[in-house]
Amino acid sequence: MLSLHREGRSPVHAVPAGVKLLVLFAAGTALFFVRSVAVLGGALAGVALCYALARVPWRVVARQVLTVVPFAVALSAVQWLVTGWEAAVLVGLRMLVLVMLANLVTLTTRTSAMVAAIEAVLRPLAPLGVRPERVGLLVAMTIRFIPVIKEQADQVRAAQRARGVERSTAFLAPLLVKTLRLADGLGEALDARGVDGAAARPGKTPRSGKDRPL
Amino acid sequence: MMIRRSDGRSGRTGGSGLRTKDMAQIALFAAIMVVLGFFPLIELPLVPAPFTSQTLGVILAGAILGARRGGLAILLFVVLVVIGLPVLPGGRGGLGVIMGPTGGFVLAYPVGAFVTGLLTERLWRRYNHATALFCNFVGGALVLYAIGIPWMAVAAHLSLAKAFTGSVVFLPGDVVKVVIGSLAAVTVRRAYPMIAPGRRTVRDGRA
Amino acid sequence: MIEIEGVGHRYGEHRVLRDVDLRLTEDRVGVIGSNGSGKSTFARLLNGLLIPTEGRVGVDGLDTRRRGKEVRRRVGFVFQDPDIQIVMPTVAEDLAFGLKGRGLGREEIRARVTEVLEEYGLSEFRDHPAHLLSGGQKQLLAIAAVLVTGPRYVVFDEPTTLLDLRNKRRIGKLVRELDQKVVVVSHDLDLLAEFDRVIVFDRGRVAADGPAEESIAAYVAMHPPL
Numbered sequence: 002m003l004s005l006h007r008e009g010r011s012p013v014h015a016v017p018a019g020v021k022l023l024v025l026f027a028a029g030t031a032l033f034f035v036r037s038v039a040v041l042g043g044a045l046a047g048v049a050l051c052y053a054l055a056r057v058p059w060r061v062v063a064r065q066v067l068t069v070v071p072f073a074v075a076l077s078a079v080q081w082l083v084t085g086w087e088a089a090v091l092v093g094l095r096m097l098v099l100v101m102l103a104n105l106v107t108l109t110t111r112t113s114a115m116v117a118a119i120e121a122v123l124r125p126l127a128p129l130g131v132r133p134e135r136v137g138l139l140v141a142m143t144i145r146f147i148p149v150i151k152e153q154a155d156q157v158r159a160a161q162r163a164r165g166v167e168r169s170t171a172f173l174a175p176l177l178v179k180t181l182r183l184a185d186g187l188g189e190a191l192d193a194r195g196v197d198g199a200a201a202r203p204g205k206t207p208r209s210g211k212d213r214p215l
Numbered sequence: 263m264m265i266r267r268s269d270g271r272s273g274r275t276g277g278s279g280l281r282t283k284d285m286a287q288i289a290l291f292a293a294i295m296v297v298l299g300f301f302p303l304i305e306l307p308l309v310p311a312p313f314t315s316q317t318l319g320v321i322l323a324g325a326i327l328g329a330r331r332g333g334l335a336i337l338l339f340v341v342l343v344v345i346g347l348p349v350l351p352g353g354r355g356g357l358g359v360i361m362g363p364t365g366g367f368v369l370a371y372p373v374g375a376f377v378t379g380l381l382t383e384r385l386w387r388r389y390n391h392a393t394a395l396f397c398n399f400v401g402g403a404l405v406l407y408a409i410g411i412p413w414m415a416v417a418a419h420l421s422l423a424k425a426f427t428g429s430v431v432f433l434p435g436d437v438v439k440v441v442i443g444s445l446a447a448v449t450v451r452r453a454y455p456m457i458a459p460g461r462r463t464v465r466d467g468r469a
Numbered sequence: 233m234i235e236i237e238g239v240g241h242r243y244g245e246h247r248v249l250r251d252v253d254l255r256l257t258e259d260r261v262g263v264i265g266s267n268g269s270g271k272s273t274f275a276r277l278l279n280g281l282l283i284p285t286e287g288r289v290g291v292d293g294l295d296t297r298r299r300g301k302e303v304r305r306r307v308g309f310v311f312q313d314p315d316i317q318i319v320m321p322t323v324a325e326d327l328a329f330g331l332k333g334r335g336l337g338r339e340e341i342r343a344r345v346t347e348v349l350e351e352y353g354l355s356e357f358r359d360h361p362a363h364l365l366s367g368g369q370k371q372l373l374a375i376a377a378v379l380v381t382g383p384r385y386v387v388f389d390e391p392t393t394l395l396d397l398r399n400k401r402r403i404g405k406l407v408r409e410l411d412q413k414v415v416v417v418s419h420d421l422d423l424l425a426e427f428d429r430v431i432v433f434d435r436g437r438v439a440a441d442g443p444a445e446e447s448i449a450a451y452v453a454m455h456p457p458l
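Note that the protein sequences, when read in sequence, are chains Y, A and E.
FYI, in the numbering used here the residues of the first sequence are 2 to 215.
FYI, in the numbering used here the residues of the second sequence are 263 to 469.
FYI, in the numbering used here the residues of the third sequence are 233 to 458.
Honestly, the hints are just simulated from the structure, not real lab data.
Do not take every clue at face value.
[What the hints assert, rightly or not] Residues from chain Y that face chain E, not an exhaustive set, calculated with beta carbons under 8 Å:
1) 113
2) 149
3) 155
4) 158
5) 159
6) 186
7) 193
8) 195
[Stated by the list, open to error] Derived CB-CB ranges, DEER-like:
9) Y:85 with E:346: 41 to 51 Å
10) Y:49 with E:350: 54 to 64 Å
11) Y:161 with E:356: 35 to 45 Å
12) Y:50 with E:408: 53 to 63 Å
Don't be surprised by glycine CBs; every beta carbon is placed ideally from N, CA and C.
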């Protein structure tokens, strides 16, 4: 999942975020067309080598593999029933490679670097009305919200348990209201920190110079 | 202390018209989509929920934020998928998944949220469990199937009938999610309404 | 100087502030009042987070209604709950966030962040995920993130309410020693005890205004023990 970045000084960490995202994007597209088990096996070996280079601890790798494998197996099983075992192996292997690669990128790339790379990629789209800084900010906030939602979910669950409600489908609404309040708070905090929408607008920088507070 | 929300506040902008608060809400629901893919909030017996529990996020985004913000939230999520970030169940992501058999469903997510939101806004004054079920079923199930099934037929070289029967297996699970999403949406509307009624919707939309 | 002229504020039908006329020139201004007295609304008027429905608020002559953005650069705001204020996933990234879009180079931003990390004893948490910090550290980060941008004034909305005693004292000391002019909304009477001026709000009006000792005594007198 996102936001699992681990600090490190390996060569993999040092690769610019833009390059890593490009490799990820290319692999996510190209491997789809690969029909050779050997090539996919080679790709998996390559990804494994990068993990070793990045010195990702075994514990972390094991946990990731354990999350992917049930999905890969389930997907392969469906494929096996529909088309046969060769396709099943391809599909399972492809998923394993891509998921491990994506996890490696998030493990070794800072959010701010990732956001900067996304902004750079989107810059050519600015004339079409896309605002790269906005998208970047949205991505950063999304990553920031993930642990917050988990925390809030735990809190709501604990509060309901404390009141004797063990399993409730009414769990979702209080969680949503709580996180919506947080989102409104964050919006207000963004205003307070001087990130009102207009600030992120290219070519419309604030009347600087004349009246600079610093 | 809670500050009530009001009209006389800052952060409104021209241009694309997204206020900072809108942006935070959009990011929140994109994040909810990611979380739903990994920690299904409700586990359902016999239904492979992890594969599809994100449709609950689609429904919630549209039903709570409305067409524009809800659609943008899920579009943001799809952007993360396309980049290749591991945000789909099992840590999948990438354009390859989109081009694959189930990719049509992922592409349909923002449309589904938009349609759910549009219907919700239209029926906002009469919003109750019945209308919520209607909005959420159309946007959170019908729209997804309408785009996802033909896509699957093309991508997996299946006949439309086969793709249809293959997808309909998920219908019971999707109906459960429509129900859960509707219950939550009606409660949230009472506790913390995000869609302004009537005329204000239009103004808010452009504010 | 912050000038509040004939200010009233209502949310729909609900009036939360009325007839507020104040000029804040002191270095340390405290604001107290019971829940619902309008003090948090008042705090948000000072940097244009809220625009008053009546009257005007000016900061160094800039009207918050028209020059909101400049006002917010001048007036930093620290919220009660640091969790909502932290935008980026790690400590250093969050500090750098406020400096983006201010025409600073990457190296300048990095240097400024390092400086602030050291100043607030957060250096060891540089690349730490912000959501794993303790409550006191989070509030410290939230304050540092505001100060890194170099505001002239800082408004605090109940900065110590969620903290334990040790962190209350730590943050209290920091607030008292800031170079900036500060306005602190708080229930924490100890924190405001040595302030130059304390304003008491009651049901949306200024009920007392003067040196800390007098105002706090008046506030306590307004709320006799049950």
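So, going through the hints one by one against the coordinates:
1. 113: Where the cut-off is 8 Å and the nearest Cβ of chain E is about 4 Å from residue 113 of chain Y, the hint holds.
2. 149: holds, 7 Å
3. 155: Where the cut-off is 8 Å and the nearest Cβ of chain E is about 12 Å from residue 155 of chain Y, the hint is violated.
4. 158: violated, 18 Å
5. 159: Because about 17 Å separates residue 159 of chain Y from the closest Cβ in chain E, which is outside the 8 Å limit, the hint is violated.
6. 186: Holds - the Cβ of residue 186 of chain Y comes within 8 Å of chain E, reaching about 3 Å at its closest.
7. 193: With a closest approach of 4 Å, the residue 193 of chain Y hint holds.
8. 195: Holds, because the Cβ-Cβ distance from residue 195 of chain Y to chain E comes to roughly 5 Å (cut-off 8 Å).
9. Y:85 with E:346: 41 to 51 Å: violated, 59 Å
10. Y:49 with E:350: 54 to 64 Å: Check failed, 40 Å falls outside 54 to 64 Å.
11. Y:161 with E:356: 35 to 45 Å: For residue 161 of chain Y and residue 356 of chain E the Cβ distance comes to about 37 Å; the hint holds.
12. Y:50 with E:408: 53 to 63 Å: holds, 56 Å
Hints 3, 4, 5, 9 and 10 from the earlier list are contradicted by this structure; the remaining hints agree with it.
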